[in-house]
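Q: Here are the chains, one letter per residue:
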Amino acid sequence: MSASAPALLTPTLLASLSNLELVARTAVNGFLTGLHRSPQFGFSQEFREYRPYVEGDDPRFVDWNVYARTDRTYIRRFEGETNTRLMLLLDASASMGYASSSAPITKLTYAKFLAAALAYLGSRQHDPVGLIVFDEGVRSSRPPTSRTGSLQALIHSIDATTPGGGTSLEASFAGFRQHLARRSLIVLISDLYCDPLVLQRGIQPLASHGHDVVIFQIMDRHEMSPRFEESVLLEDVESNHTVNIAPEFLKERYGPKLQVHLQSVRSAAARAGADYVLLTTDEPLNEALRRYLLFRERRN
Amino acid sequence: MFAAPAFFAALLAIALPLWLHRVAQANPARHAFPSLMLMEASEIQRTARRTLRYWMLLALRCLLLIALILAFAGPLLPRRAVPTVHPAGRLHAIVFDDSLSMTFGDRWQRAHAAARSIIESARPGDELMLVQAAGQKIQVVQDAVPAVRAGNVSAALDTIVPGSQRLDFGLLMSTAKGWLGAARLPVEFHLISDLQQTASPLRFADLEPPPGTRLEFHDVGESDAANTYIRGATVLNGKVSVAVRTTAHSNQTLQAVAVVDGAEVARRSFQVGPAPALTAAREGEGNPLPDPLRSTLASANVEGVDTEVLLELPEVSPTPHRLEVRLVPGDKLAGDDRYFVVLEPTDPRVLVLARANDSDEALYATSAVDALSAPKLKSEVHAAQELDLRTLHQFATIIITDPSALSSEAAARIRDFVHSGGSLLMTLGAGSTEGLLADWRVRNVMSQPTQIARVDTTHPVLRNATGWSGVHMLRHVQVVPDSSDRVLIALEDGAPLLIERNLGAGHMLVLTSPLLREWNDLATHPVFVKFMADTASYLTDAEASTNSAQVGGVLMTGLSAQQGGQIFDPKGRRVLALGATAVPDRIVPEHSGFYEIRSAGASRWVAVNTDTRESNLTRMSNVALQRWQALQKPAVRTLGGPTSVPVEQASADDRASIGYALLLACLALLVAETIAANHFLAVRREVPR
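In the order they appear, the protein sequences are chains A and B.
For reference, each letter of the first sequence is one residue, going 1048 to 1347 in the working numbering.
For reference, each letter of the second sequence is one residue, going 2 to 690 in the working numbering.
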């Protein structure tokens, strides 16, 4: 990875861009630029073969020269093109709207950057991309498609997402199954404040149905290690409950509890056959994109 | 002791920070968090460190409030309790005499050098102030500043320019306490002056300096200064008589030059001097030593020798002209070698119009007018039907004793006369209400005896009015004044007796009862003559026709706020500020020469000359100066034995207010409280790892 790529992918820089599509293009192009200079990855857009056109294929990739010579429609296929269906599951609960005073952006904004970048990356690989936004249940959904203009519409839907109510992964996963008919690569982006067993129970059916699941857990650096000099009254942004917290608890006992929870989530994901990545909102997106591509390569 | 102890009631406000801190203590800061899933509730804990921080901030806030309240309460401490940085410091009050005599020879330069020497010799801890003394005002040019800022004083010294006025030492010393202010340091009073004898007051005690002030003289005069000057000039029968005095001990040949409106019209050589030398009186020769106090006054008449020069003046038009008389060549004191006179036509004429030349009213009016000496007026009596209306413009004012005797044409011409700036006094009787009274609401004749109830003494014609209450009014004409009229005298029933009305550029006074025995006994009272004199003076603008004044004296301008106007000094500069909303009726001229006073449609000249006392350069005797210095008194008397003088009670001036120091302390506490509170609040916010 080149030294300039991480600079292009920092949340602070991406937050300064004017719209989400631009963010996605910047993040992905910056990532790919570094990727091309790296000998480790052979991802490219070079032509590989023709295949017959079937209904539903993107007419942009019809080779008209071949058609003129043969009267038959053929679709170009490129290196890296696997026709993977990408389904993005975006958590838009109230907890995702949190940002500490030191964080450049909220967790939801970071998740939107990531979702848009993945959508753009999938689009470049001619993968049909879909979106499900959820909080206490499925809030909105877009089926995977690679039609012309679908990327812009998808990114617009991502951009329009705002923090909602509480979180119910159980109800949300029940809704996911209705929207996931064909085998897909499912990317779950959430802060995962849930029972790890609920997560496992939600993912396992998807995996058993042939879906591949990647989990991106988004957290704010400060919520992983909060520090207060004296007692504070913390208010849950989803339930509005408050609890008085002593600084000694935060300093001595909260960290280990959090690590236990994160480990539980990781283990639950592993048991369900899902890939798991923990990201903080101050990290550049390149690690997330790299892990995604690796997973995609392994899948193909 | 406190200057305003009532402010202590504000100490109750300390309850506010106490309450706020109690409230804040019970309410920890509230923060949003994504999920409380992993949190455990705990009790509010306060460490010793937090407790200390809380008490420190509370203490700062309480101290701030207390200091603020104390500062407003104005605590006073004895001066001796207030430490001074330099106990040996002095306030050097440099009093610079810039009267006319200081322009003689190089006195001005020597005075400047003396002032600079005082400034340069000031030590650290001293203070300097600069005062300009001449005329009716003693002006502080530079307030007291520490000696380190002596540059300010030097710069202020350069702004002082030679003046033309006379300095009165009595005025200087009697006002010293005011312009010295509440000096913190002992005062050294440096008087830089030629110490003229004529600057001494009539009362020697008026020279007493303020208590605690050390008087030091810086004499820039010469013991044998000689001066030749014009004492006065009088115009009579086409000639100007110039009185010249000299104190020179040699014979001088000079020329007197007359200049009218800038053009030389006459010149004459003459000789003056020598002045007799004063013989020194020695005790023991049968001649008692002259009393130094009396000699300050008497010697002004002893020195010098006078001569009179007559200059022929050419015939000039009967309008005001400016006459200047000069001595050529001039001497070391040029300011008194010129004299200014305004040549004006003869005395103003007053027209008395009556029904008959020999009527009683005409007699009373003319007698009163002719009896006046200031202003000097000439009255002419005419029967109303015999007046040549073409001559109206020759009169300064008109007195009409019976308006009903006027023809309609005469009434119209007189109305025009007033309208174009003339003035009129009219007495009403039973008769026609037409003509001049056409726009007056004249009612019946009231025949009930009454008396005068109200006199407006703010009006110029009634300023010195006494005795009106003794006048018996038997009959009067009932007149309803307009809203713009001014009722100057009112009767017991409220009816006006004397009304003033403006008509165009002029004005008229109306008396609602004629000067007849059957109507009143006004003419038999002494107040009648005074009334006629003031009325004639007012109507002819005689008060404003003063055409001579003295530098530093009061000059009546005759201007009023209603009419407005402007005054120009001898150099053509405006005396009144353009933005001034009030037009003064008097000014103090500061330069010699011709002042021009312009009012609505009129312009006149006033000749301003220097005070001839400034031309007498005789210096105060050493004995007089010693006695002056002996007038100094200490600030505080010390306590002695049982027979000693009682100790003076410490006055409020001997106490120093420390309110300013407390305000500075408040400021420091406010800064500390802000920093502590900001840090305390920051601590309560989340602190990222």
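Treat the hints with caution; some may be incorrect.
Stated by the list, open to error - Under 8 Å between C-beta atoms, here's a sample of chain A residues computed to sit facing chain B: (1) Leu1060; (2) Trp1111; (3) Thr1192; (4) Val1290; (5) Ala1293; (6) Glu1299; (7) Lys1304; (8) Leu1305; (9) Leu1309.
Derived from the structure by calculation, the hints contain no laboratory data.
For glycine and all other residues, C-beta sits at the position ideal for the given N, C-alpha and C.
Q: Of the numbered hints stated earlier in the document, which are not met by this structure?
A: Per hint list: 1, 2, 3, 6 and 9 violated.
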